[in-house]
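Residue numbers (this note's numbering): -5 to 380.
Some clues are possibly wrong.
Stated by the list, open to error - Subject to a maximum C-alpha distance of 25 Å in a straight line, what follows is the list of computed SDA-like cross-link-like pairs (lysine to any residue):
1) K272 / V257
2) K148 / D187
3) K261 / S243
4) K261 / E301
5) K298 / M145
6) K261 / D246
7) K299 / E159
8) K148 / T185
9) K174 / G379
10) K22 / N71
11) K298 / P198
12) K272 / G315
13) K174 / G309
14) K299 / R248
15) K148 / R129
16) K298 / D308
17) K22 / E53
18) K261 / Q90
19) K174 / G314
20) K22 / R76
21) K148 / G136
22) K174 / G9
23) K148 / L190
24) K174 / L201
25) K272 / G349
26) K174 / A307
27) K298 / H271
28) K261 / I250
29) K272 / G314
30) K299 / A310
31) K148 / D254
32) K174 / E350
33) K272 / T252
34) K298 / A265
35) K148 / G300
36) K174 / A380
37) K148 / C297
38) K22 / T112
Simulated from the structure, these hints should not be mistaken for laboratory data.
What you are looking at is a predicted structure, and each value in this text was computed from that prediction instead of being measured.
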Amino acid sequence: MRDVAVIGVGCTEFGEHWGTSFRDLFVKAGALALEDAGVTGERIDALYVGNMSAGRFVEQEHIGALIADYAGLASNNIPSTRVEAACASGGLAFRQAVIAVASGMEDVVVAAGVEKMTDVGTGASVDMLASAADREWEGFAGATFPGLYAMIAKDYMHRYPLTREQLAQVAVKNHENGAKNPIAQFRNRITVDTVLNSSLVADPLRLFDCSPITDGAAAVVVVPLERAREFTDSPVRVLASAQASDTISLHDRRDISTLDASVAAGKRAFAQAGLTHKDIDMVEVHDCFTIAEICAIEDLGFCKKGEAGRLTADGATALGGEIPVNTSGGLKACGHPVGATGIKQICEIVGQLRGEAAGRQVDAEIGMAHNVGGTGATVVVHILGA
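Turn these sequences into a full structure, and let the hints steer you where they fit.
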């Protein structure tokens, strides 16, 4: 297996892009990544595109071919593959690109993610997202993703010392970071009272505990590490790529307050990289809801179970804290175009390791990305190093 490096990244602004099409979002992100990498389309050997549900959001399937066509790559006859793993589609697309390069099968590969979620109404969008859970045993019974994560929050708060104010601090911290991110959907600062006084969605989760519905796309270019200096003076190494699975439904889990797939993927990533938690300078976790960030910090091993709420309230996960979490603003403030989120996480880490995250820059040489599909049925973890 060859060592792999990221040589270019690109990301659109996240938000409600009423005047921009699904394909235009991707083309913009891809062009930004190729420009950053100093690579032309003729040099691309393969393309992996993370996308959850274009067939329902924009009534378009055959996404791999569509993207290759509108990116101007169809005439080169390169393989273009859609990757779907619900909200972990982007992270898994990146993993497939890394594997393709590491194996020696390909040399220059684009990994991307895209979702256009606002072309349908909120009710339809919520129903589409619910398809990432067990449709027969959860969705048909009326469970939505806010409802499922509310169950996790209720169970967690019953068993561990997490206050409602500490949970709100996750959103406050991520909005503070998002306010400093030019691509973020929400660039407004909020307070604990903002969260606590927002509309109740599924007890105990309120509106400001939930990530938004978002349009956006992101792309990265990966190559063998041995060739990376041909393209850039600041390659970022892929130190580990790990994936794990769990039951798709919550009711079959060993423990719904612990995402076992996060635990497993995290352990595998640390073992691959030969690193410990003390070596990680920053981490982008999958905070689709505030409780998800609390669980992720613990499941990845950065603290013991029941401690993440206190650490968040004490500022340990803020910019300049002991372990900065979601410097991008996370899914909560930066936005969550589900197919693109995992790639955006990689873009954020690369920007931080290059020292290009103006306004929210942290002192980092090694970063971790944690991308979750469903309520934890698929988890992808990557570790990158400068």
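Hint check:
A hinted pair counts as satisfied when its Cα atoms are at most 25 Å apart, and K272 with V257 qualifies at roughly 17 Å. Among the hinted pairs, K148 with D187 is consistent with the structure: their alpha-carbon atoms are about 20 Å apart, no more than 25 Å. Straight-line distance between C-alpha atoms of K261 and S243 comes to about 23 Å, which keeps the hinted pair within the 25 Å bound. Restraint check for K261 and E301: satisfied, since their Cα atoms lie roughly 19 Å apart, inside the 25 Å limit.
Taken as a hint, the K298 and M145 pair is honoured in the structure, with Cα atoms around 21 Å apart against an allowance of 25 Å. Between K261 and D246, the direct Cα distance comes to roughly 22 Å. Compliance with the 25 Å bound is thereby established for this hinted pair. At roughly 18 Å between alpha-carbon atoms, K299 and E159 fall within 25 Å of each other, so this suggested pair holds. Using a Cα cut-off of 25 Å, the hinted pair K148 and T185 holds, with the two alpha carbons roughly 22 Å apart.
For the hint pairing K174 with G379, the CA-to-CA distance comes to about 23 Å; that is within 25 Å, so the pair holds. For the given pair, K22 sits about 21 Å from N71 by alpha-carbon distance, which is consistent with the 25 Å threshold. Proposed proximity of K298 and P198 is supported: the alpha carbons are some 23 Å apart, at most 25 Å. With a C-alpha separation of about 13 Å, the suggested pair K272 and G315 falls inside the 25 Å cut-off, and the hint holds.
For a cut-off of 25 Å, the pair hint linking K174 to G309 stands: about 17 Å separates their Cα positions. For the hint linking K299 to R248, the alpha-carbon distance of about 15 Å falls within 25 Å, and the restraint holds. Restraint check for K148 and R129: satisfied, since their Cα atoms lie roughly 22 Å apart, inside the 25 Å limit. Restraint check for K298 and D308: the C-alpha separation of about 15 Å stays at or below 25 Å, so the hint holds.
Between K22 and E53 the CA atoms are separated by roughly 21 Å; this keeps the pair inside 25 Å, and the hint holds. Under the criterion of a C-alpha separation no larger than 25 Å, the hint pairing K261 with Q90 is consistent with the structure, at around 19 Å. Taking the CA atoms of K174 and G314, the gap is near 14 Å; set against the 25 Å cutoff, the hint holds. As the CA atoms of K22 and R76 are separated by approximately 18 Å, the hinted pair is consistent with the 25 Å bound.
Restraint check: the Cα-Cα separation between K148 and G136 comes to about 18 Å, which is no more than 25 Å; the hinted pair holds. Distance restraint check for K174 and G9: the Cα-Cα separation of roughly 15 Å lies within the 25 Å cut-off, and the hinted pair is therefore satisfied. Between K148 and L190, the direct Cα distance comes to roughly 16 Å. Compliance with the 25 Å bound is thereby established for this hinted pair. Between K174 and L201 the CA atoms are separated by roughly 22 Å; this keeps the pair inside 25 Å, and the hint holds.
Restraint check for K272 and G349: the C-alpha separation of about 20 Å stays at or below 25 Å, so the hint holds. About 20 Å separates the Cα atoms of K174 and A307, which keeps this hinted pair within 25 Å; it holds. For the proposed pair K298 and H271, the alpha carbon gap of about 12 Å is at most 25 Å, so the pair holds. Straight-line distance between C-alpha atoms of K261 and I250 comes to about 19 Å, which keeps the hinted pair within the 25 Å bound.
The hinted pair formed by K272 and G314 meets the criterion: a straight-line CA distance of about 15 Å does not exceed 25 Å. Distance restraint check for K299 and A310: the Cα-Cα separation of roughly 16 Å lies within the 25 Å cut-off, and the hinted pair is therefore satisfied. For a cut-off of 25 Å, the pair hint linking K148 to D254 stands: about 18 Å separates their Cα positions. For the proposed pair K174 and E350, the alpha carbon gap of about 13 Å is at most 25 Å, so the pair holds.
Of the supplied pair hints, the one linking K272 and T252 holds, its CA atoms being roughly 22 Å apart against a limit of 25 Å. Restraint check: the Cα-Cα separation between K298 and A265 comes to about 19 Å, which is no more than 25 Å; the hinted pair holds. Of the pairs offered as hints, the one joining K148 and G300 holds, with about 13 Å between alpha carbons and a cut-off of 25 Å not exceeded. Among the hinted pairs, K174 with A380 is consistent with the structure: their alpha-carbon atoms are about 23 Å apart, no more than 25 Å.
Simply put, K148 and C297 have alpha-carbon atoms about 20 Å apart, close enough for the 25 Å limit, and the pair holds. A threshold of 25 Å between alpha carbons decides the hint, and for K22 with T112 the separation of about 18 Å falls inside it, so the pair holds.
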